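From just these sequences and the hints, can you work out the full model?
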Amino acid sequence: MQLQRYGPAVLKRRTTQCLAGRAIASPPHSHSLLSPRCSALLASRGRRFASTAGPERVAVLGGGIAGLASAYFTAKEFPESKVTLFESAGNVGGWIKSRRVDVGEGNALFELGPRSLRNSTVTASLIQELDLIDEVLFTEKTAPGAKNRFIFYPDRLNRLPSEAPSLSSLFDLWRTGILSGAFGLIKEPMMPSRPSLLSDESVGAFLARRVDKRIADNIVSAVFHGIYAGDVWNLSAKTLLSLAWQLEGKYGSALGGFFKLQSEDEGKGQLTIAHPRDVEVARSMNEEIDLDEDFASELKDASMYTFRNGLQTLVTGLTERLEEMGVEIKTNTPVQTFKPASSGEKGVEIVAGPPDSTTTQTFDLAISSLRNPDLTPYVTVQTVNLYFATPPASLLPVQGFGYLIPQSIPFEQNPERALGVIFDSSAIVGQDTAPGTKLTIMMGGHWWDGWAAYPTEEEGLAMARAVLKRHINITEEPVHSIVNLSHECIPQYTVGYEDRLRDFADGIASEFKGRLRVVGSQFNGVGVNDCITGAWNVARGLRGEGWKGDSVGLERVRDRREWVKVAAREMVWSGRGSIKGAVGGGRGGIGGGV
Numbered sequence: 001m002q003l004q005r006y007g008p009a010v011l012k013r014r015t016t017q018c019l020a021g022r023a024i025a026s027p028p029h030s031h032s033l034l035s036p037r038c039s040a041l042l043a044s045r046g047r048r049f050a051s052t053a054g055p056e057r058v059a060v061l062g063g064g065i066a067g068l069a070s071a072y073f074t075a076k077e078f079p080e081s082k083v084t085l086f087e088s089a090g091n092v093g094g095w096i097k098s099r100r101v102d103v104g105e106g107n108a109l110f111e112l113g114p115r116s117l118r119n120s121t122v123t124a125s126l127i128q129e130l131d132l133i134d135e136v137l138f139t140e141k142t143a144p145g146a147k148n149r150f151i152f153y154p155d156r157l158n159r160l161p162s163e164a165p166s167l168s169s170l171f172d173l174w175r176t177g178i179l180s181g182a183f184g185l186i187k188e189p190m191m192p193s194r195p196s197l198l199s200d201e202s203v204g205a206f207l208a209r210r211v212d213k214r215i216a217d218n219i220v221s222a223v224f225h226g227i228y229a230g231d232v233w234n235l236s237a238k239t240l241l242s243l244a245w246q247l248e249g250k251y252g253s254a255l256g257g258f259f260k261l262q263s264e265d266e267g268k269g270q271l272t273i274a275h276p277r278d279v280e281v282a283r284s285m286n287e288e289i290d291l292d293e294d295f296a297s298e299l300k301d302a303s304m305y306t307f308r309n310g311l312q313t314l315v316t317g318l319t320e321r322l323e324e325m326g327v328e329i330k331t332n333t334p335v336q337t338f339k340p341a342s343s344g345e346k347g348v349e350i351v352a353g354p355p356d357s358t359t360t361q362t363f364d365l366a367i368s369s370l371r372n373p374d375l376t377p378y379v380t381v382q383t384v385n386l387y388f389a390t391p392p393a394s395l396l397p398v399q400g401f402g403y404l405i406p407q408s409i410p411f412e413q414n415p416e417r418a419l420g421v422i423f424d425s426s427a428i429v430g431q432d433t434a435p436g437t438k439l440t441i442m443m444g445g446h447w448w449d450g451w452a453a454y455p456t457e458e459e460g461l462a463m464a465r466a467v468l469k470r471h472i473n474i475t476e477e478p479v480h481s482i483v484n485l486s487h488e489c490i491p492q493y494t495v496g497y498e499d500r501l502r503d504f505a506d507g508i509a510s511e512f513k514g515r516l517r518v519v520g521s522q523f524n525g526v527g528v529n530d531c532i533t534g535a536w537n538v539a540r541g542l543r544g545e546g547w548k549g550d551s552v553g554l555e556r557v558r559d560r561r562e563w564v565k566v567a568a569r570e571m572v573w574s575g576r577g578s579i580k581g582a583v584g585g586g587r588g589g590i591g592g593g594v
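For the sequence shown, UniProt numbering gives the first residue as 1, with consecutive numbering after it.
There could be a bad hint or two in this list.
Said to hold, decoys possible - Restraint-style ranges between C-beta atoms, simulated for each label pair:
#1 V101 / Y454: 20 to 26 angstroms
#2 K469 / D134: 36 to 42 angstroms
#3 G252 / S342: 51 to 57 angstroms
#4 Q399 / P340: 53 to 59 angstroms
Hint data in this document are derived by calculation from the structure and do not stem from the laboratory. Here the structure is a predicted model, which means the values were calculated and not measured. Yeah, the Cβ is synthetic: ideal placement off N, Cα and C, and Gly gets one too.
Okay, structure coming up:
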């Protein structure tokens, strides 16, 4: 279905339709005769927190999802400002790429990057404001694609429990050896606390010290392959296991600290600890975001969701809305350099364009989603999308979201260095008209660190088919394939990341005097939801006279306050009728977090 462009004529027609179908009596929370969905639609266009003294010119550097969202939220805050987005590629959207192809009896939708979203308040609100709710496909929590997630170990698929497991299922898992070391959880509260001078360590080292090395190698490494395509023995525990890290620091143990925390304030429900900045953001979401009741209810019952025509629907919707708002999008215009304005006024001087035809402009404010090479390394991932004529029930050994491969699998079981396989046809239902099976094989990540060259399309296809044959005995010839290499696509939050990020934030604050803000996967999290929420936060910080302050968009890491105790319910969006949904969206990498 073609996405609509909602100009004044379309908005007027939709308003009339909403009024015609609305009952005379409105519920107490309604302030108009419009339905909740139409009220939200109009409010998203009419609600402004703009200051008459807003920046005259704003530059957004990078046209991935973080840049697009930043341009949108900033243009909402300052509708009179001239916003210009610079993108080096010929199109916007970054790693989000959806392709629909004909496959015999129908067509299939392939995702070359992220494919699904978890519940996230800001992303849900953005979808609502772009009027894309009717395009959303939900995977309910009871669906096989939500309940059945597997790890390949040592030579078979093992289903991870999605609810309270039975004794027999636990015993079956135990016999495979994948749960070796799990008894370390029992003794974790009795383990000595970390040395006082230990400022960070790897996820693997943290788990080995507090629980058992085998848990890191067999289970957690597989999960991190699906999110970060990274090595748990290099990734930062302080950043990626932040709650457990903080609990140990506060109570001397992670698991024991959690139970001790629950006993401190009885009668308030489950307690947690959180950074004060996160608590403030959660409260702001509850105050400022109002989701349609039906949409919120569907999100509550869903494990994940996407769009009928793929995640690129969100990119297209954002792009079209930005054009309506007067935002200038300059593709094929790489940013060559940017620096503080050389004149006496505060601002950012940007040199952009092909090397032989650059232009230099000065902006009052710049929001950058460009990467800093000294902050994090990146990994490269190759995805291979395959379509088979045989339906999933006959081709796949199991139905579910897919399986991940841990670091403990020996080389002979995984010479291709695959990260996991997504059963797209089983995971997401409703995108395809063809009856066959759609799969995505993910390879590379940290396994390919240091490689001078990567597999060609022909080599990648052969490697993907070898993985399927060895692991789940699929030998059928695919009807269609797409091989895509995403070069340096996922940042790696390696040990010491938080300290490097704080130094980076302090440095640009001193250099740019608050006129440069940063967003994106290198700063906010690798998932689509993380980038959108980061953009929303940066735009909120500009509100009123905020754009004249010394912020850089990284206030959380610069805020050295200790984590505070808070009721867990305060960290979720409560909304109307006590419908609850996650305030943040879990981090999800190129596979959407298998």
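To see whether the hints hold, each was checked on the structure:
no., hint, in the structure
1, V101 / Y454: 20 to 26 angstroms, "holds, 24 angstroms"
2, K469 / D134: 36 to 42 angstroms, "holds, 41 angstroms"
3, G252 / S342: 51 to 57 angstroms, "holds, 53 angstroms"
4, Q399 / P340: 53 to 59 angstroms, "holds, 56 angstroms"
In terms of the numbered hints stated before, the structure departs from none.
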